Amino acid sequence: MPLDIFSQEKLRLLRTTPVFAGLQDESYIRLSHASRVVPVKKGSFLFYQHDPANALYIVKSGELVVVLANADGREMIIDELSVGDCFGEVALLASGMRTAGAQARKNSEVLEIKAGVFLDVLDYEPPLARRMLEIATQRLFKSQKRESALAFLDAPARLARVLLEMDEADRNGPDKGYVTLSQAELAHRTGLTRQTVAAILSRWRRDNLLLTGRGRIMLLNRSAIQQIQEQSLL
Numbered sequence: 001m002p003l004d005i006f007s008q009e010k011l012r013l014l015r016t017t018p019v020f021a022g023l024q025d026e027s028y029i030r031l032s033h034a035s036r037v038v039p040v041k042k043g044s045f046l047f048y049q050h051d052p053a054n055a056l057y058i059v060k061s062g063e064l065v066v067v068l069a070n071a072d073g074r075e076m077i078i079d080e081l082s083v084g085d086c087f088g089e090v091a092l093l094a095s096g097m098r099t100a101g102a103q104a105r106k107n108s109e110v111l112e113i114k115a116g117v118f119l120d121v122l123d124y125e126p127p128l129a130r131r132m133l134e135i136a137t138q139r140l141f142k143s144q145k146r147e148s149a150l151a152f153l154d155a156p157a158r159l160a161r162v163l164l165e166m167d168e169a170d171r172n173g174p175d176k177g178y179v180t181l182s183q184a185e186l187a188h189r190t191g192l193t194r195q196t197v198a199a200i201l202s203r204w205r206r207d208n209l210l211l212t213g214r215g216r217i218m219l220l221n222r223s224a225i226q227q228i229q230e231q232s233l234l
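Per the working numbering: the sequence shown = residues 1 to 234.
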């Protein structure tokens, strides 16, 4: 029986997602039957930190961010997800509870795969199990490295670190020379309040370290901002 257009699209996404490459045809079909496309509006959460983990996800369109809440309720972005990225595996393979939340940065769609079927397929696909373990390990390492680094930095150094990281990442993009983040997004990435971010940016504008406007930041004195980050570690 020929597959309908939605089933074909789900199979195509599974086959073209690197972590699912090279599976048996039966495994693709099982995963496809156990999946559905879920829309996530900009700013909405797909799931929250500490929610039960009952599915694995692949980004079909749009962008999402992984958000970690600290003890006083402030949120910090610890990872970004784009088309083709697989996520949600850490909780399925370990605790069974979401270790962080996932929020849409723009209107997005994800392919949701039921946990039970995914874990069953994992038993019959050793290469997939190894790749999932590698992804989970890399993600945990990246998260812990970021949290540890920020824990030892004061507020200006945290902001400097994030701006330098984003400036480096955007150098080959369409907004080359600019960091395209709002103050709210910078607050999320640094674990600071929006008011603190605004005050630091205002001071750095007066010192001619950067320019801001329309949700974009241009670093005028990258070396000085680098020094702000490094001096906090001394």
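Worth flagging that the hints you see were computed from the coordinates, not collected in a lab. Accuracy of the hints is not assured; some may be wrong.
Said to hold, decoys possible - Capping the alpha-carbon separation at 30 Å, the derived lysine-lysine pairs in DSSO-like fashion look like this:
no., residue 1, residue 2
1, K60, K42
2, K114, K142
3, K60, K114
4, K42, K145
5, K41, K114
Predicted model, so just to flag it, every value in this text is computed and none were measured.
Against the structure, the hints come out as follows:
{"no.": "1", "hint": "K60 <-> K42", "in the structure": "14 Å, holds"}
{"no.": "2", "hint": "K114 <-> K142", "in the structure": "26 Å, holds"}
{"no.": "3", "hint": "K60 <-> K114", "in the structure": "16 Å, holds"}
{"no.": "4", "hint": "K42 <-> K145", "in the structure": "28 Å, holds"}
{"no.": "5", "hint": "K41 <-> K114", "in the structure": "21 Å, holds"}
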